[in-house]
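Can you make the complete structure from the sequences, with help from the hints?
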Amino acid sequence: MTDQLEAEVRAALHERAARVPTASIARLTQIDYHPRTRRLRPPLAIGLLTTAAGAGTVAVIVSLTAGASNAFAGWTPTPTPPSPGQLATAQASCEGGRSPIAGLPLKLADTRGPFTFSVYASDTSSATCISGPSFTAVSGSTASAPIDVPAGHVLLSTHATSRGGAAYSYADGRAGDGVSAVTLVLDDGTDVQATVANGWFVAWWPSTHSVTSARITTPAGVSSQTVPAGPPPPCGGAPTCTSSSGSTGGGQAGAGSGQTVQSFGGVSR
Amino acid sequence: MDRRRADFDTFVAASTDSLMRTAYLIVGDLQDAEDLVQETLLKVAGRWHRVRGMEHPAAYARRILVNRALDDAGRRSRRRRELTGEALPDRHEETVGFDEHDELLRALAGLPPRQRTAIVLRYFLDLPEAEVAAAMKCSLGTVKSTAARGLARLEQAMRTTNDTRSIST
Chain B
1 MTDQLEAEVR
11 AALHERAARV
21 PTASIARLTQ
31 IDYHPRTRRL
41 RPPLAIGLLT
51 TAAGAGTVAV
61 IVSLTAGASN
71 AFAGWTPTPT
81 PPSPGQLATA
91 QASCEGGRSP
101 IAGLPLKLAD
111 TRGPFTFSVY
121 ASDTSSATCI
131 SGPSFTAVSG
141 STASAPIDVP
151 AGHVLLSTHA
161 TSRGGAAYSY
171 ADGRAGDGVS
181 AVTLVLDDGT
191 DVQATVANGW
201 FVAWWPSTHS
211 VTSARITTPA
221 GVSSQTVPAG
231 PPPPCGGAPT
241 CTSSSGSTGG
251 GQAGAGSGQT
261 VQSFGGVSR
Chain L
270 MDRRRADFDT
280 FVAASTDSLM
290 RTAYLIVGDL
300 QDAEDLVQET
310 LLKVAGRWHR
320 VRGMEHPAAY
330 ARRILVNRAL
340 DDAGRRSRRR
350 RELTGEALPD
360 RHEETVGFDE
370 HDELLRALAG
380 LPPRQRTAIV
390 LRYFLDLPEA
400 EVAAAMKCSL
410 GTVKSTAARG
420 LARLEQAMRT
430 TNDTRSIST
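Note that the protein sequences, when read in sequence, are chains B and L.
Residue numbers for the first sequence follow my numbering, beginning at 1 and rising by one.
Residue numbers for the second sequence follow my numbering, beginning at 270 and rising by one.
Worth flagging that the hints you see were computed from the coordinates, not collected in a lab.
Errors might be hidden in some of the hints.
Heads up, simulated DMTMM-like pairs for lysine to aspartate or glutamate below, C-alpha to C-alpha not over 25 Å straight-line [what the hints assert, rightly or not]: (1) L/312 to L/276; (2) L/413 to L/340; (3) L/312 to L/298; (4) L/406 to L/324; (5) L/413 to L/400; (6) L/413 to B/6; (7) L/312 to B/32; (8) L/413 to B/3; (9) L/312 to L/286; (10) L/406 to L/298; (11) L/406 to B/6; (12) L/312 to L/340; (13) L/413 to L/424; (14) L/413 to B/8.
Put into structure tokens, the structure is as follows:
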């Protein structure tokens, strides 16, 4: 009986294994398993003078998949309404598997054409997920303490990455009370309107152009803030500035590299 | 592209098929299996500078996959339910049909994860017991007893099914 059973088990297993769709295997072989994302700069708090809470962050790329070369066709500088089912599809793609998203509530979803950029966050952890027709990429970060962003301010963090040779950048962060709109101006003059919701904002663009300034809309009006190129100097170049070193570690395993959060004042209105 | 990266891409092309089918048999869900293989290959990629010098990189990847599968047994689909309030539909469900050995496979799916894993490694991959032991990080004796218990449960399940069929016909 055992020999017969073993033979049946072998046959059943091979029969079942043959049911794995070839598309699944093709998808897995096309994934780019080499992470490339880098953070362009530490987060910047933009708005009126503020004291920013310490924030140690560490970015972790979980997956970055390959796709067509014309990867970002359909992108728009202004968010577009989601198509039917777009948000649900993106949510299913982003939340599957082990990732920094697990357990984090969805804060906002930015849709531009066929692409959905979602932000998931708790007080001390956040994760972003960009989902397009042929790919999904997830990254996450942690802060050593909840970040307090005062009313009328945003905490801007910019990133650049590439996917199958196609580069894209994104900016995300916390938006303080009263911030109803954020528009980023890139160094090629492009205005990219962010999606703002639930105390967060996000915008992305299919290039490595950097952010040169940001316009923030609050009940008091629209304020504009220049975003210095590259890592910000310690309290240099801003009319009014306070800086505080981000406390890292503090029980956060893996948060070992320090970041500096700077606050800039002298906002022109 | 450097040579090391090219070697890794070759490894992925050669090993993904076996890893995916093995993962599917162990976890029983296509989406979870894809996630598992992706996580495995991400981990291998991160250590490829060491792994590529190994005699059997595929065995190393299989060990990672098996350990992750056993560590996460029962956790993956539960996590999805917690996030969404209900189980997400398996996006490949329509491509999976019925098997001739349905009863046996149902019984296999009902085995404890370690027994099912031992059965899959032993009878799908036809690994020697020593390699099953290495993949599952346990002793040879444990593999023998685990696989034997799994087979006994399968045999019992099949006997019950056959008895039921005899009664109903």
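Verification of the supplied hints:
At most 25 Å may separate the alpha-carbon atoms for a hinted pair to count; residue 312 of chain L and residue 276 of chain L meet this at roughly 15 Å. Taking the CA atoms of residue 413 of chain L and residue 340 of chain L, the gap is near 21 Å; set against the 25 Å cutoff, the hint holds. About 21 Å separates the Cα atoms of residue 312 of chain L and residue 298 of chain L, which keeps this hinted pair within 25 Å; it holds. For the suggested pair residue 406 of chain L and residue 324 of chain L, the alpha carbons sit about 18 Å apart, so the restraint of at most 25 Å is met.
For a cut-off of 25 Å, the pair hint linking residue 413 of chain L to residue 400 of chain L stands: about 12 Å separates their Cα positions. For the hint linking residue 413 of chain L to residue 6 of chain B, the alpha-carbon distance of about 14 Å falls within 25 Å, and the restraint holds. Between residue 312 of chain L and residue 32 of chain B the CA atoms are separated by roughly 13 Å; this keeps the pair inside 25 Å, and the hint holds. Note on residue 413 of chain L and residue 3 of chain B: the hinted pairing holds, with a Cα-Cα distance of about 15 Å set against a maximum of 25 Å.
Our distance criterion of 25 Å between C-alpha atoms is met by residue 312 of chain L and residue 286 of chain L, whose separation comes to about 17 Å. With a C-alpha separation of about 24 Å, the suggested pair residue 406 of chain L and residue 298 of chain L falls inside the 25 Å cut-off, and the hint holds. About 23 Å separates the Cα atoms of residue 406 of chain L and residue 6 of chain B, which keeps this hinted pair within 25 Å; it holds. Between residue 312 of chain L and residue 340 of chain L the CA atoms are separated by roughly 15 Å; this keeps the pair inside 25 Å, and the hint holds.
Restraint check: the Cα-Cα separation between residue 413 of chain L and residue 424 of chain L comes to about 16 Å, which is no more than 25 Å; the hinted pair holds. Proposed proximity of residue 413 of chain L and residue 8 of chain B is supported: the alpha carbons are some 19 Å apart, at most 25 Å.
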